[in-house]
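Enquirer: Using the sequences and the accompanying hints, generate a full structural model.
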Amino acid sequence: MALSGVEIFKLLPKTNCKKCGHPTCLAFAMKLAQRQASLDACPDVSEEAKRILGEASAPPVRPITFGTGPKSVKMGEETVLFRHEKKFVNPCAFAVEIKDTTADSEIDGIVAAVAASEIDRVGQKLRIDAIFVSNASNDPGRFEAAVKAVAAKAPEVPLILSTSNAAAADAGLKIVADKKPVLFGADESNAEAMANVAKTYKAILGVSARGLDALAALTEKIKSLGVEDMVIDSGARSAKEIIENNTLIRRAAIKKNFKALGYPVITLAQREEGMLETLIATLGVAKYAAIVVLSKVEKWKNLALFTCRQNIYTDPQVPMQVEQKIYKVGEPTPESPLMITTNFSLTYFIVSGEVENSKVPCRLAVMDSEGLSVLTAWAAGKFTASKISQFILESGIENEVKNKELIIPGYVAILSGAIEDKLPGWKVTVGPREANGIPAFLKSRA
Amino acid sequence: MAFAAPKETYPGKVFQIAIGADQSAVFGGENVLSFHSFEGNAPNRPVIAYEIQDIPPEDWPETVRKVYEGVSGDPVTWAKHCQNELKAKAIALRLIGTHPDRENRSPEEAAKIVKDVLSSINIPLIILGSNHVEKDAAVLVAVAEAAKDKNCVIGKAQEANYKTIAAAAMANHHKLIAMSELDINLSKQLNILITQMGFDKEKLITDPMCSALGYGLEYTYSVMERIRLAALTQNDATMQPPMLGDVGMYVWKVKETQAPEADLPYWGSLEERGIAWETVTAGALMVAGAELLIMRHPRAVKAVENFIDELM
Ligand code: B12
Ligand code: SF4
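Protein chains in written order, with the working numbering: chain A, 1 to 446; chain B, 447 to 758.
Heads up, none of these hints are tricks.
In silico lysine to aspartate or glutamate, EDC-like type, Cα no more than 20 Å apart, as pairs:
(1) LYS74/A - ASP178/A
(2) LYS299/A - GLU707/B
(3) LYS240/A - GLU756/B
(4) LYS19/A - GLU47/A
(5) LYS256/A - ASP213/A
(6) LYS299/A - GLU717/B
(7) LYS256/A - GLU485/B
(8) LYS86/A - ASP629/B
Bear in mind the hints are in silico, worked out from the structure with no lab data behind them.
Expert: Have a look at this one:
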């Protein structure tokens, strides 16, 4: 729970020595309360005050980076329960399970599918983020071999090693030491041994218990054993349990600052049936999972889940948008067509995708409309004849194109006359309404 | 640190609605957020209605068109197929053929179709216009009369045409869908306007407007969550009608449900992708608060029903 300025002030030296750059300790305390200053700036603060303030100012859900290097995944740091309040911070990671009982050739296939899972959607690169290697055989040797095979083929992909056998954990972790994997499988029966292995290899410890009381008690115990980075599993497996436990965990962390459950949550979504698994994973995305474990990588499922995650994790205040400028699609010549649209990411990527499909090189003028779609921007007065003509004039594009012709979206056909009035010497052509009409439209003119 | 589960109770409650001549489909009625039965009362499952239309679904993509091949030529056969073979719990008949740019069917023709469909099924019927504000006003009045006392759902009343449609729904004892565009204030205002006419607020269904996965889902999702929170935390009666997710229509027109795998190999199987698109859109909106869903593909419906089984 955040402390108020006065509460913080009580913990400061109260000498008003100004070494922190603030006129008084109270002024500094106020800045701290607003998170506009860092406690380090005061050289005289006591260890006791540091501890209390550090604990109080720690984010309610512990920030943890899973994996290392460019494919590492940030988890935790969430601050709200509903996305309209404030952006959800760290998009959940999707992991796919590989059992150590799987034949080598099949393991290779899954790892290859993970490597090939990356797609580009609305300007973001999205992929299956992690691999969950499970010790289904219960044999440390087999587990080690499976981890070795996966780590060799996918050296950059963050790994979750799932076993409740400390010997298997040790055998697996030593292969990926220093790669910040998750060791998933600490429970009431093996907490000490697993905590020790996790400490040795600086792994994040995945902690499972049945129910939230038991889970909270267990994370406290493990913390006292010296492990700080944990991901937690409440034992929820059915959709009903997932929504209940994930909601209560998030509320406890955020509204009560309950530290024992202030860790990223892992949700196991594996199901026999692919559509149902997709739905359980959707529930995980919507309801507070930091890691969602799937049984299979399938392109169609990935696309749906990546898109769902992207939707849920966009900033509710600021639509995703692209920079205002004149983009080139292909290699346009002075004769190539010039089209205009708004800077809402979705609009831009749909339209530029269709222009690419047409194979006709084009210029695409993308106008800043505060991230609104064509019709929304038009209705909001941000995509008007005067704004469009001003943008075209100021862009200097006149000097680059031979025909002064501007193609506008079909939905705003109504603007064509007014734009022509404001852009002397220009001709306005109304394009199709839907972007999927663009290839035929461009080809018919070529 | 002892753990006390931070459960929440709310002063408000969602109205419960029963539809159909026999009142066989019941939804709403909860006093908690969707599927939060661990802290309150969530007595009813969301209801999924199969969408059919008055004209053959030539503009539906192949994946979903082909499952109705042989039955979708006329609405009566189609409706019976959904009831008898697919075990639908409700049917949503969209009178898209009345749209002036389509077949431009008259209100009388639409009324006859509604009568024929009603007499051939015994599950609840949702009757939707073509979303042309002027034409809907005429068509929905005629069909509301044709379906008198069958306790159907009539939709959609919008700001521009709610008066005539709400009056017809009221006179003929139907429930009514009130649709506004992705804005909690517009939605509240429309519900107020409709109830000010004397329409019973407990017979309304709010449609905050659907949007498909990848095409604005987050807007619908958040508007639904906000409406539901207003209903529960502020006990705001104008926000307490159950909500509709008109999923199929929005999903089966986006590129992901239509582009062949040959063109976009990294998008995977077109068939599975289309079904997943409908499934995920419906699932997400249900978690946000929708309790009446209109869907098209039987496999998507099946998956969502299984999901509900697990959630209840
Ligand atoms: C989501 C949405 C919103 C979101 C904003 C989303 C965003 N970032 O833009 C929110 C909720 C904030 C919103 C607000 C408003 N909205 Co609004 N909104 C929509 C909605 C549902 C979808 C818009 C969308 O994302 N479309 C997808 C994108 C990709 O479409 P697009 O940009 O038009 O691009 C397509 C085509 O235009 C074409 N295209 C694009 N560029 C080009 C270029 C060329 C050259 C060519 C040929 C083609 C082409 O290709 C694309 C794909 O086919 C539409 C209804 C609908 N279903 O369309 C209403 C809609 C656009 N909104 C509308 C209105 C009135 C408003 C508001 C004024 C009122 C309100 N409801 O509060 C406000 C204004 C916002 C403001 N700041 O003041 C109206 C506009 C009415 C009209 N016909 O003029 C619509 C049509 C709803 C309706 N039927 O009344 N809205
Ligand atoms: S440096 Fe520390 S003691 Fe000095 S004024 Fe700032 S807060 Fe007070």
